[in-house]
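*Asks:* Residues per chain are reported as follows:
Number of protein chains: 2
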Amino acid sequence: MKPSVSSQKIVIIGAGNLATQLGSTLYQAGYSILQVYSPTKKSAATLAKKINATAINDLKKLDPSASLYIISIKDDAIAAFAKELKLTDQVVVHTSGTVDAAILKNSSENYGVFYPLQTFSKSKPVDFSNIPVCIESVNKATAKVLQRMAKSISNNVQEISGEQRKILHLSAVFACNFSNHMYTIAASILSQHRLSFDLLKPLIAETAEKIKLNDPAKMQTGPAIRKDVKTMQAHLKLLGRDNELKTIYKLVSEHIAK
Amino acid sequence: MKPSVSSQKIVIIGAGNLATQLGSTLYQAGYSILQVYSPTKKSAATLAKKINATAINDLKKLDPSASLYIISIKDDAIAAFAKELKLTDQVVVHTSGTVDAAILKNSSENYGVFYPLQTFSKSKPVDFSNIPVCIESVNKATAKVLQRMAKSISNNVQEISGEQRKILHLSAVFACNFSNHMYTIAASILSQHRLSFDLLKPLIAETAEKIKLNDPAKMQTGPAIRKDVKTMQAHLKLLGRDNELKTIYKLVSEHIAK
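Protein sequences appear in the order of chains A and B. Each residue of the first sequence is one higher than the one before, counting from 27 in my numbering. Each residue of the second sequence is one higher than the one before, counting from 27 in my numbering.
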């Protein structure tokens, strides 16, 4: 049985991709979202409207009556924000994959990290139920609050250390950001030759599908793993004068072949 | 209505990943598969058994009564094989993304290419119905045979030129082979730190899902697109002494940021 969430009042700091999806999901799970803060009033208003909250762009107007403050802003903006935020025992978390939890130590005695391991866009709703939510807490009281919130939206809650979170985030850059960029490169090559990216979609879907049940190293196909030098040379020739792409092609191929 | 395929008799040359999946699919679609040839008798026998065919490992035993011969072997083995293969008007195709159709010109007057754009493993059955099957034919008679076969297993049949096929294959290396290798790198980083690759699976699924309806360039997330130098430097530090991975990380990040 999911714990009741009706008594939890939340303030969301930020109105970007993650703030938007997490805010919407918490709202749908029954939490009261009191406020959405963003220095850009318009961004705050857009999210606030969706989740029945008040938009603010002035920290002085921050409502101190919430029990939980979720900071979901750019990594390099968290430190400056934390300096301004003075709470007492309310729980405060950030959602970053890389920033230390202790950056929040002067904002409240109860701080931690709430890191959903997923890629978010403002426009695409995400089902949180299978997303690993990684939490880190300075003390047991904070852990209890974060566990409760995490379990109310996800069936995959993990307590991990800051070091583990950083490793997860690094691996996610390869698995998500870099693989998406490989899609972008492919789309660009096709577009230059007036071929539709749609042709690759079943291939991309199958490539991602395969690793659900198999080790990706064992699923590797293509000229590099076959050490098919002739095909790789033909590909480099097709890439023409694009030296950056050629270097990426060579390096990734060499890394596969090892 | 799908054309009747009962009169078509096929010989499959090769018993690798693609030969296995294509052979099985054609068999299920109602074709008679007369023979499976492989220099390794055991490989030929494994596939032949599945699709009610005879395994051969001696080209002299090739049955000349088939109407279609599908050569699905390593790219660099096709030329030598084609030299040995002497047909008259039976259709002969290879399934390579890179090799010229004309490599088969001395094997039969009716030759072409039958290139299903997908990644294949022997062990994982594949639904061909949505796979783009790209065909190229030396003449109309060959085109008719290939169209008919392609349409009997796929709803996405494309007549493309040899040049277009090579571009498609190059783009597929990025979209499939290289993105799979990014999964492999991620799995390896996690394994070194005793973290489970399962944690990344929802992220990988979502990354591939997003591009079904969106331009991948617009879906890019992560430190490189945000130009978050601090996080990228922290990642390079985490990669420690692995200079190859560091170089890949830097190059791909720079390419994303442009």
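The hints are simulated quantities; they were obtained by calculation from the structure and are not laboratory data. Just so you know, not all the hints are guaranteed correct.
The list cannot tell twin chains apart, which means a pair is met if one copy fits it or any two copies do.
In silico lysine to any residue, SDA-like type, Cα no more than 20 Å apart, as pairs [as the list claims (entries may be wrong)]:
id, residue 1, residue 2
1, Lys35, Ala169
2, Lys256, Ala81
3, Lys112, Asp102
4, Lys263, His219
5, Lys284, Thr273
6, Lys170, Asp115
7, Lys76, Gln61
8, Lys100, Lys253
9, Lys131, Ser69
This structure is a prediction, so every number in the text was calculated from the model and none was measured.
*Asks:* All hints are to be evaluated individually against the structure, with a verdict given for each.
*Replies:* Hint-by-hint comparison with the structure:
1. Lys35 to Ala169: within (17 Å within a copy, 67 Å between copies)
2. Lys256 to Ala81: This pair counts as neither: shortest intra-copy Cα distance 60 Å, inter-copy 30 Å.
3. Lys112 to Asp102: Only inside one copy: Lys112 and Asp102 sit 19 Å apart there, 68 Å across copies, limit 20 Å.
4. Lys263 to His219: within (15 Å within a copy, 39 Å between copies)
5. Lys284 to Thr273: Classified as both; 17 Å inside a copy, 15 Å across copies.
6. Lys170 to Asp115: within (14 Å within a copy, 76 Å between copies)
7. Lys76 to Gln61: Only inside one copy: Lys76 and Gln61 sit 12 Å apart there, 63 Å across copies, limit 20 Å.
8. Lys100 to Lys253: For Lys100 and Lys253, only the inter-copy Cα distance (11 Å) is at most 20 Å; the intra-copy one is 42 Å.
9. Lys131 to Ser69: Answer is neither: 28 Å inside a copy and 63 Å across each miss the 20 Å cutoff.
The structure shown violates the earlier hints numbered 2 and 9.
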